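Visitor: What follows is the residue order along each chain.
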Amino acid sequence: MISREDVLHVARLARLELDDAELEKMRAQLDSILTYIDRLKALDVTGVEPTSHAVPLVNVMRDDEVVPSFPQDEMLRNAPDRVGELFRVPRIIED
Amino acid sequence: MPIHELTSAYRRGETTPTAATEAYLARIAKLDGELGAYLTVTREHALRAAADADARYRAGTPLGPLDGAPLAYKDVLCTRGVTTTCGSRMLERFVPPYDATVIARLAAAGAVMLGKGNMDEFAMGSSTEHSAFKPTRNPWDLARVPGGSSGGPAAAVAAGLAAGGLGTDTGGSIRQPAAFCGVVGLKPTYGRVSRYGLVAFGSSLDHIGPFARDVTDAALLLRAIAGADPRDSTCLPAPVPDYAAGLPQGLKGLRLGLPDEYFIDGMDPEIDRAVRAAVDVVRGLGATVERVSLPATPHALATYYVIAPAEASSNLARYDGVKYGLRVPGARDLVEMSSRTRAAGFGAEVKRRIMLGTYVLSAGYHEAYYGRAQKVRTLVRRDFDAAFGRVDLIVAPMTPNVAFKHGEKEDPLAMYLNDVFAVPADMTGLPAISVPCGFSVQGLPIGLQFIGKALDEAGVLRAAYAYEQATPWHTRKPALP
Numbered sequence: 001m002i003s004r005e006d007v008l009h010v011a012r013l014a015r016l017e018l019d020d021a022e023l024e025k026m027r028a029q030l031d032s033i034l035t036y037i038d039r040l041k042a043l044d045v046t047g048v049e050p051t052s053h054a055v056p057l058v059n060v061m062r063d064d065e066v067v068p069s070f071p072q073d074e075m076l077r078n079a080p081d082r083v084g085e086l087f088r089v090p091r092i093i094e095d
Numbered sequence: 001m002p003i004h005e006l007t008s009a010y011r012r013g014e015t016t017p018t019a020a021t022e023a024y025l026a027r028i029a030k031l032d033g034e035l036g037a038y039l040t041v042t043r044e045h046a047l048r049a050a051a052d053a054d055a056r057y058r059a060g061t062p063l064g065p066l067d068g069a070p071l072a073y074k075d076v077l078c079t080r081g082v083t084t085t086c087g088s089r090m091l092e093r094f095v096p097p098y099d100a101t102v103i104a105r106l107a108a109a110g111a112v113m114l115g116k117g118n119m120d121e122f123a124m125g126s127s128t129e130h131s132a133f134k135p136t137r138n139p140w141d142l143a144r145v146p147g148g149s150s151g152g153p154a155a156a157v158a159a160g161l162a163a164g165g166l167g168t169d170t171g172g173s174i175r176q177p178a179a180f181c182g183v184v185g186l187k188p189t190y191g192r193v194s195r196y197g198l199v200a201f202g203s204s205l206d207h208i209g210p211f212a213r214d215v216t217d218a219a220l221l222l223r224a225i226a227g228a229d230p231r232d233s234t235c236l237p238a239p240v241p242d243y244a245a246g247l248p249q250g251l252k253g254l255r256l257g258l259p260d261e262y263f264i265d266g267m268d269p270e271i272d273r274a275v276r277a278a279v280d281v282v283r284g285l286g287a288t289v290e291r292v293s294l295p296a297t298p299h300a301l302a303t304y305y306v307i308a309p310a311e312a313s314s315n316l317a318r319y320d321g322v323k324y325g326l327r328v329p330g331a332r333d334l335v336e337m338s339s340r341t342r343a344a345g346f347g348a349e350v351k352r353r354i355m356l357g358t359y360v361l362s363a364g365y366h367e368a369y370y371g372r373a374q375k376v377r378t379l380v381r382r383d384f385d386a387a388f389g390r391v392d393l394i395v396a397p398m399t400p401n402v403a404f405k406h407g408e409k410e411d412p413l414a415m416y417l418n419d420v421f422a423v424p425a426d427m428t429g430l431p432a433i434s435v436p437c438g439f440s441v442q443g444l445p446i447g448l449q450f451i452g453k454a455l456d457e458a459g460v461l462r463a464a465y466a467y468e469q470a471t472p473w474h475t476r477k478p479a480l481p
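Those sequence lines, one after another, are chains B and F.
If you're matching positions, the first sequence starts at 1 in my numbering and goes up one per residue.
If you're matching positions, the second sequence starts at 1 in my numbering and goes up one per residue.
In case anyone wonders, no lab produced these hints; they're calculated from the structure.
Computed from a prediction, not measured in an experiment: that's the story for all the values here.
Keep in mind that a hint or two might mislead.
[Stated by the list, open to error] In silico EDC-like cross-links for lysine to aspartate or glutamate, where the CA-CA straight-line distance does not exceed 16 Å:
1) Lys41(B) - Glu367(F)
2) Lys25(B) - Glu349(F)
3) Lys134(F) - Asp99(F)
[Unchecked claim] Computed Cβ-Cβ distance ranges for the label pairs, DEER-style:
4) Glu5(B) - Ala26(F): 49 to 59 Å
5) Glu5(F) - Pro90(B): 42 to 52 Å
6) Pro90(B) - Ala479(F): 37 to 47 Å
7) Asp411(F) - Ser52(B): 26 to 36 Å
8) Phe87(B) - Thr61(F): 44 to 54 Å
9) Val441(F) - Arg62(B): 54 to 64 Å
10) Arg255(F) - Ser52(B): 24 to 34 Å
11) Gly47(B) - Gly33(F): 25 to 35 Å
12) Phe87(B) - Gln469(F): 35 to 45 Å
13) Glu22(B) - Gly364(F): 17 to 27 Å
14) Pro298(F) - Ser52(B): 51 to 61 Å
15) Arg283(F) - Val67(B): 46 to 56 Å
Note that CB positions come from ideal geometry on N, CA and C, so glycine has one too.
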């Protein structure tokens, strides 16, 4: 059974702030879904290779040519906060 | 009216793209307040594109069978200069700087974008109730859901608020709403259609495909969007056939497999009856039908609910409040900013999937869940490989039940079980279609599914067309004003 601490740990990894009510609801729901998923443990998958993609395409190559890119200003237009040509975020390095 | 009839009428001069577009816009204005199929209606954009199409028809030089076709696009497909929300507060004000390849290709074929269709947030859901903005109602019964996650475009096509549309299918999100709304929905082979400009959910599972009033339109729309794209390295270089031209070949001589595992306990008996009656029709058209077994099927849904959330948790990591989308102000550091932004921007279902995906990928659980699920995915694929050694196509029910009521499936797991017959084609990447095959006694549509070999959309469409032409279901319309 998934514990409250597990949920808190995963929420931190996922960068999701959960309030107390959400936390308990999430715990119960994840527990029910994981119990359903646990049916996979009954299957014997010894020697079965994993499938990561439906179509086995590998190393699609193209010529290394310079082509026009999007204008920087256009790509920055959706930024929630910017300074000139930079994204602005809260300070991450102490003085 | 289906697109192929509408554009024939344009060619004969009986109507014009502008007249048709204005009629659709008027119908949207009248009905969509109640239906909720659209998140954005692109009126000016549509009328401009229609006027351009008018001029081409006047000059006798239309671009092809889609020129002037008024369409609805799921709001997960990027449209240059037009808000693309993915049904989420996170992207409420996101305006893409480019068009998805599918949007650009349809524009180049002359299609008219009427607007952006409602959806479950980030395509996670089976009812369109998880849209952050509003629910969509089923045109056949407004108390019921249209299915999801592409419920908006499916309902729009069913209600006559668009002539056709585009959705996406990661775990049934085109075919299940097509079945619930009584329209045709096609999920092509993985890699058949470029995903450049599709906002990613589960990258090994995401597909783009058409909604249509009939199979001919689905064939025309697929032809326009399919084929290699230098901007998507997962898009296959295989040549794209003229699907519409191949439709009249009929079912004679085709071998169809009916999988035992797609008739389960708890399935609606009306669906069981409708699908078995459809199989009799198919047999009467000259196909042979034999029982096949796809024994990994009972494990497919659990496998999907490991793989899809795992991929989603990774794809949705990009919504951190830095580059685009929502940012909650006032945080002291970067982690707090991201964590608060994601708490405010994502709805409950998206949070649940991110949590589940993060859990199954986290240290100590990765192999037990994700590693094992990838192996079971191989077993699902092997089942189909074995069946396709004996038959050309699989025929099966699309859903275990008809459209349910709003609020009926509050338990997430009960909602997930709706897609039990849909997810195997996503996990294997095989082409699959849902085509109307009857109605419940309450008048709710039922869908029949054909699943084909990789890249055999032609076979899937041909079977669906033969069935459609032999039955009256696609001609029925919901009783709307």
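Visitor: Work down the list of hints and note, for each, if the structure agrees.
Guide: Right, here's what the structure says about each hint:
The straight-line distance between the Cα atoms of Lys41(B) and Glu367(F) is roughly 11 Å, inside the 16 Å bound, and the hint therefore holds. Straight-line distance between C-alpha atoms of Lys25(B) and Glu349(F) comes to about 12 Å, which keeps the hinted pair within the 16 Å bound. About 25 Å separates the Cα atoms of Lys134(F) and Asp99(F), which puts this hinted pair outside 16 Å; it is violated. Glu5(B) and Ala26(F) have their C-beta atoms about 57 Å apart, which keeps the hinted 49 to 59 Å range intact.
Under the hint 42 to 52 Å, the C-beta atoms of Glu5(F) and Pro90(B), about 58 Å apart, miss the expected range. Distance hint check for Pro90(B) and Ala479(F): the Cβ-Cβ separation is about 55 Å, which falls outside the suggested range of 37 to 47 Å. At about 30 Å, the CB distance of Asp411(F) to Ser52(B) agrees with the hint of 26 to 36 Å. Checked against the given bound of 44 to 54 Å, the beta carbons of Phe87(B) and Thr61(F), roughly 46 Å apart, stay inside it.
Checked against the hint of 54 to 64 Å, the C-beta distance between Val441(F) and Arg62(B) comes to roughly 56 Å, which is consistent with it. The hinted range of 24 to 34 Å is satisfied by Arg255(F) and Ser52(B), whose Cβ atoms lie roughly 31 Å apart. Distance hint check: the CB atoms of Gly47(B) and Gly33(F) are about 58 Å apart, inconsistent with the given range 25 to 35 Å. A C-beta distance of roughly 56 Å is found between Phe87(B) and Gln469(F), which places it outside the suggested range of 35 to 45 Å.
Look at Glu22(B) against Gly364(F): about 24 Å separates their beta carbons, and that is inside 17 to 27 Å. For the pair Pro298(F) and Ser52(B), the supplied restraint of 51 to 61 Å is violated, since their beta-carbon distance comes to about 22 Å. Under the hint 46 to 56 Å, the C-beta atoms of Arg283(F) and Val67(B), about 54 Å apart, fit the expected range.
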